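> Sequence:
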Amino acid sequence: MGLVGVQGDGNGEMALSLGSKNKYKRMDSELSDDFEDDASHHHHQLERKKSTRKYVLACAIFASLNNVLLGYDVGVMSGAIIFIQEDLKITEVQEEVLVGILSIISLLGSLAGGRTSDVIGRKWTMAFAAIVFQIGAAIMTLASSFEVLMIGRVLAGVGIGFGVMIAPVYIAEISPTVDRGSLTSFPEIFINLGILLGYVSNYAFSGLSVHINWRVMLAVGILPSVFIGFALFIIPESPRWLVMQNRVEEARSVLLKTNENDKEVEERLSEIVAAAGISNGEKNEEKAVWRELLSPSPSLRRMLITGFGIQCFQQITGIDATVYYSPEIFHDAGIVNKSKLLAATVAVGVTKTAFILIATFLVDRVGRKPLLYVSTIGMTVCLFTLSISLAILGKGQLGIAMALLCVCGNVAFFSVGMGPVCWILTSEIFPLRLRAQASALGAVGNRVCSGFVAMSFLSLARTITVGGTFFLFSLFSALSVAFVYKLVPETKGKSLEQIELLFQNHNEWDGSEMELGDAQHLVHKA
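Residue numbers for the sequence shown follow the numbering used here, so the first one is 1 and each next one is one higher.
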């Protein structure tokens with residue numbers, strides 16, 4: 001009996017042992033299945049993340065192509081005007097008008113662009129801008145007189161006005177919150193790329209005959225707008241514009257392509273619908289957009305001061321004078337040879353383009369405001385030093401070296417902050433229902449100041465010298481530091497709808513945002 005009992009116990013243990021093994025085997029199998037499911041889900045999320053980022057990046061690049069046109073025109077005209085003056089025998093006043101009129105006329109495109117983009121959409125407004133510019137560039141290329149050249153310049157200006165106004169708005173509206181700053185800086189990158197291409201074009205074609213070289217320089221500017229036609233088959237319409245048209249399902253479809261997970265898509269869509277004033281498919285009654293802009297609420301007034309002010313400061317600090325008239329600046333410093341003058345401008349273009357790439361990398365990491373501090377303070381120092389250098393050092397090797405260093409330093413500091421952040425801010429601070437037309441107002445301020453600077457630089461330089469003119473620019477740049485300190489909030493990491501609330505609750509950012517200490521910290525890190 002004892003033996004049997006032992007055997008019974010032994011069988012029982014064996015049975016228990018076998019049962020336990022089967023249980024662990026089932027548990028291992030379940031854990032393995034769960035792990036495989038998690039791994040598969042994680043892999044799917046990574047693939048979707050990569051696909052989404054590539055798609056949004058492609059949209060931002062294609063939307064920014066119009067800005068190449070502005071940059072190219074600015075860069076190429078700085079050299080082409082030398083040969084236009086020689087070929088068509090235009091006066092100094094006509095030269096100023098020819099250079100500056102594009103900025104003044106582009107404000108008409110910017111003003112009309114806000115309303116146009118609300119009616120036909122952001123995407124087709126970009127297409128219209130490219131077509132108008134192409135016509136203008138073709139007329140300029142074939143011009144046989146100053147008057148015909150001006151007709152082409154006016155059309156090109158209208159096209160550029162549409163383009164520079166709508167690109168940042170479109171990119172801000174399709175971008176995920178985390179990448180919005182860097183992606184919205186793309187238009188400024190492409191402006192800088194266009195400027196560099198314009199400088200290179202000047203240098204490359206300057207060896208042709210005077211009657212031909214400036215025409216070829218201007219004709220090359222048509223090429224970027226051709227690519228915009230292909231872009232229309234790739235980029236989607238802005239989801240925020242689609243919601244304003246009550247096409248919510250189409251907006252959801254676009255958001256699914258531009259955001260990494262479904263939960264975020266629904267959150268963004270709800271915020272957009274609320275911001276657009278739509279509830280259950282019905283639009284709430286709102287004041288007419290222009291009435292609201294002309295008699296703004298306190299929060300909208302703060303937005304307009306910030307957006308319009310930063311756009312004006314971007315130009316009255318003299319960046320367009322530096323870019324348009326860099327050959328004249330270097331000539332004043334002592335460079336006489338035309339080929340060497342154009343080679344020096346290429347160095348300026350390379351510097352400007354290189355530093356805008358740095359800004360793109362930093363803007364969503366350190367924020368908008370520290371970059372603006374570094375930019376405005378650095379520009380003030382460079383502009384002041386350039387004015388002293390031109391006034392005191394005269395036309396020697398040291399004077400040439402200092403002029404080149406200060407001009408390159410000025411465009412570098414501009415590209416790190418004031419250049420891209422200006423457009424980022426104006427594309428993200430305004431409410432959805434007003435965004436296009438309020439951004440258009442900011443662009444108008446930018447273009448008016450740009451035109452004023454471009455059309456008065458030569459006359460001002462003859463009156464108070466080139467050095468005196470840049471001293472004046474340094475004073476405006478110093479004022480821009482105070483403006484940034486007092487009136488620009490930090491918008492990094494906030495959705496467009498959260499930024500709107502930020503201005504409604506002004507006290508929230510009075511003492512809690514990044515100030516000068518953050519800029520100093522950024523400089524120490526660099």
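Just so you know, the hints here were simulated from the structure itself, not pulled from any lab data.
On a predicted model such as this, the values are computed, not experimentally measured, just so you know.
Beta carbons: idealized from backbone N, C-alpha and C, even for Gly.
Please note that a few of the clues may not be correct.
[Unchecked claim] Label-pair ranges, simulated between beta-carbon atoms:
id	residue 1	residue 2	range
1	Glu92	Asn337	35 to 43 Å
2	Lys263	Ile388	29 to 37 Å
3	Ser145	Arg48	53 to 61 Å
4	Ile388	Arg48	41 to 49 Å
5	Arg365	Leu108	34 to 42 Å
6	Val216	Val93	23 to 31 Å
7	Val93	Glu249	34 to 42 Å
8	Phe233	Val350	30 to 38 Å
9	Lys89	Lys340	19 to 27 Å
10	Ser145	Ile120	48 to 56 Å
11	Ala274	Glu86	37 to 45 Å
> Hint by hint, say whether it matches the structure.
These are the hints, each one checked on the structure:
Roughly 21 Å separates the CB atoms of Glu92 and Asn337, a value that falls outside the hinted 35 to 43 Å. Distance hint for Lys263 and Ile388: a CB-CB separation of about 57 Å, inconsistent with the stated range 29 to 37 Å. Roughly 57 Å separates the CB atoms of Ser145 and Arg48, a value that falls within the hinted 53 to 61 Å. The hinted range of 41 to 49 Å is not satisfied by Ile388 and Arg48, whose Cβ atoms lie roughly 56 Å apart.
A beta carbon spacing of about 37 Å between Arg365 and Leu108 agrees with the range 34 to 42 Å that was offered as a hint. At roughly 26 Å, the beta carbons of Val216 and Val93 sit within the given window of 23 to 31 Å. Take Val93 and Glu249: their Cβ atoms lie about 57 Å apart, and the range 34 to 42 Å is violated. As the Cβ distance of Phe233 to Val350 is approximately 33 Å, the hint placing it in 30 to 38 Å holds.
Taking 19 to 27 Å as the suggested C-beta distance range, the pair Lys89 and Lys340 conforms, at roughly 25 Å. For Ser145 paired with Ile120, a C-beta distance near 35 Å fails the hint of 48 to 56 Å. About 60 Å separates the C-beta atoms of Ala274 and Glu86, a value inconsistent with the hinted range of 37 to 45 Å.
The structure does not agree with the numbered hints 1, 2, 4, 7, 10 and 11 stated previously, though it agrees with the rest.
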